[in-house]
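Asks: Assemble the whole structure, with the sequences as input and the hints as a guide.
There are 2 protein chains.
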Amino acid sequence: MTYCVAIKLNAGLVFLSDSRTNAGLDQISTFRKMIIYEKQNDRFMVLLSAGNLSISQSVREILQVEQLKDAGGGPPITIWNAKSMFDAARVLGSAIRRVHERDAEDLKASGVDFNVSLVLGGQIKGEGMRLFQVYSAGNFIEATSETPYFQVGESKYGKPVLDRVITPETPLDEAAKCALVSMDSTLKSNLSVGLPLDMVVYEVDTFQSNKVVCIDHENPYFRMLHDNWGKKLREVFDSIEDPMWTGGATQVPLLTPLTRNQPLRKITSPEEKLI
Amino acid sequence: MTYCVAIKLNAGLVFLSDSRTNAGLDQISTFRKMIIYEKQNDRFMVLLSAGNLSISQSVREILQVEQLKDAGGGPPITIWNAKSMFDAARVLGSAIRRVHERDAEDLKASGVDFNVSLVLGGQIKGEGMRLFQVYSAGNFIEATSETPYFQVGESKYGKPVLDRVITPETPLDEAAKCALVSMDSTLKSNLSVGLPLDMVVYEVDTFQSNKVVCIDHENPYFRMLHDNWGKKLREVFDSIEDPMWTGGATQVPLLTPLTRNQPLRKITSPEEKLI
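First to last, the protein sequences are chains Z and G.
Residue numbers 192 to 466, in the working numbering, belong to the letters of the first sequence in order.
Residue numbers 192 to 466, in the working numbering, belong to the letters of the second sequence in order.
You can trust all of the hints, since none of them are fake.
Using 20 Å as the maximum straight-line C-alpha spacing, the simulated EDC-like pairs for lysine to aspartate or glutamate come out as follows:
hint	chain 1	residue 1	chain 2	residue 2
1	G	K379	G	D418
2	Z	K457	G	E252
3	G	K422	Z	E432
4	Z	K260	Z	E292
5	G	K423	Z	D433
6	Z	K422	G	D433
7	G	K274	G	D261
8	Z	K423	G	D418
9	G	K316	G	D261
10	Z	K422	G	D354
In case anyone wonders, no lab produced these hints; they're calculated from the structure.
Replies: In structure tokens, the structure reads:
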């Protein structure tokens, strides 16, 4: 598996990916899941990929040369001349369909699903930043202010902290920190996600970024974040009152009369009926 | 779906379950996933269930009367006379197999998997506490001091906090708090898990428990925990330094020279080759 997350904020975009690929448990390798496309002063895009590696690698290769017919009779549309991120996402969808035509039937014959999951985000001069999640069928959805992030791969472990922190107003560096905490929780609980990480932070309307970093287990910032998050989470946990069952003084009793649902009745003999 | 967690500590056992059952998104109901079996001064057991509700309800009903032949020629073994939790888990496995014989073929013909996942924990006089996870095939595994908890259902959202906090030495009330935090994270990120919750805390060698509570959205303790965890998590998050890309003074730089992995090279033109 894999874990990738991309966040769209008013201030810019944050992309983070791990680099573990596994086929079973005894075949683990490092493959980077992020690609950065930059044409300075014109466009900046980042692609994140999860799913079958043979498919995602083919899609990435083909995407470089994929062309869509322009309905208006202009030159064919590529990711390098698309006038909108929407068109760039269409080109990506088309690249996926090309790999599907080539491989899907034979994969199916081998019992392998055509499974790929991509996130494409960035900005093309003339419009605002946009972020898309692109599915195996080449269709896609776009992030909005209500849902400003997309995850692909092992997304569940790291979702609660994103849900708690991220809004469109979140500053860029804070969102980068949140993405790293989300990744840290995932690394802790799932073997199929591993270091090094790739992270890119893009500031709105700059059409380039030098905030590109590869984070391994020796990275001072990530180590500090990992240690502090674990330690302080524990402190917060300890600071919350334990549940008090009976007696003692508490403002927040655990046992209170309920109107609708009652505590479970115990079954105390074989003859007793289930409720 | 469902989320249930059971934790085995030196001091006792903690069981927590939600009560949402859904078939698709527009058919949501409340079904409690926990059953408590108590024969005072002799045995105390709790069963948690996830998976297909028709299967788990049948298993629970049959478990009450299920009998295993005793290899030593004694009376048939039931959950009410079993001399060990291991035998009780075998009776549960047998009940699952009985439902499998009755239903599995017809379920398969309707395209439905025979899917049920159970946790059985407790203590029978004469031995220590034990905790088992029982699978659809009736086979089971037992919790150990290295892996002192089992989850069934939507387990991923709530796993990181368990991994951070729970050891066999954790006090009972602290473990109950941890189970509730784990549930709170799951409730926040997954629609298929819902209130009310059922929680039972069992103290070692008591063979009964009065710490049985049903927690709904008005429960003062759970509300306090939910609010405080969210607020303080946010404070911890804010207290951790944001990543600093360049300049400024920091003890924990994000950008450092790497030996093995280099930051991703950008692709800057259509002709450029992928790495």
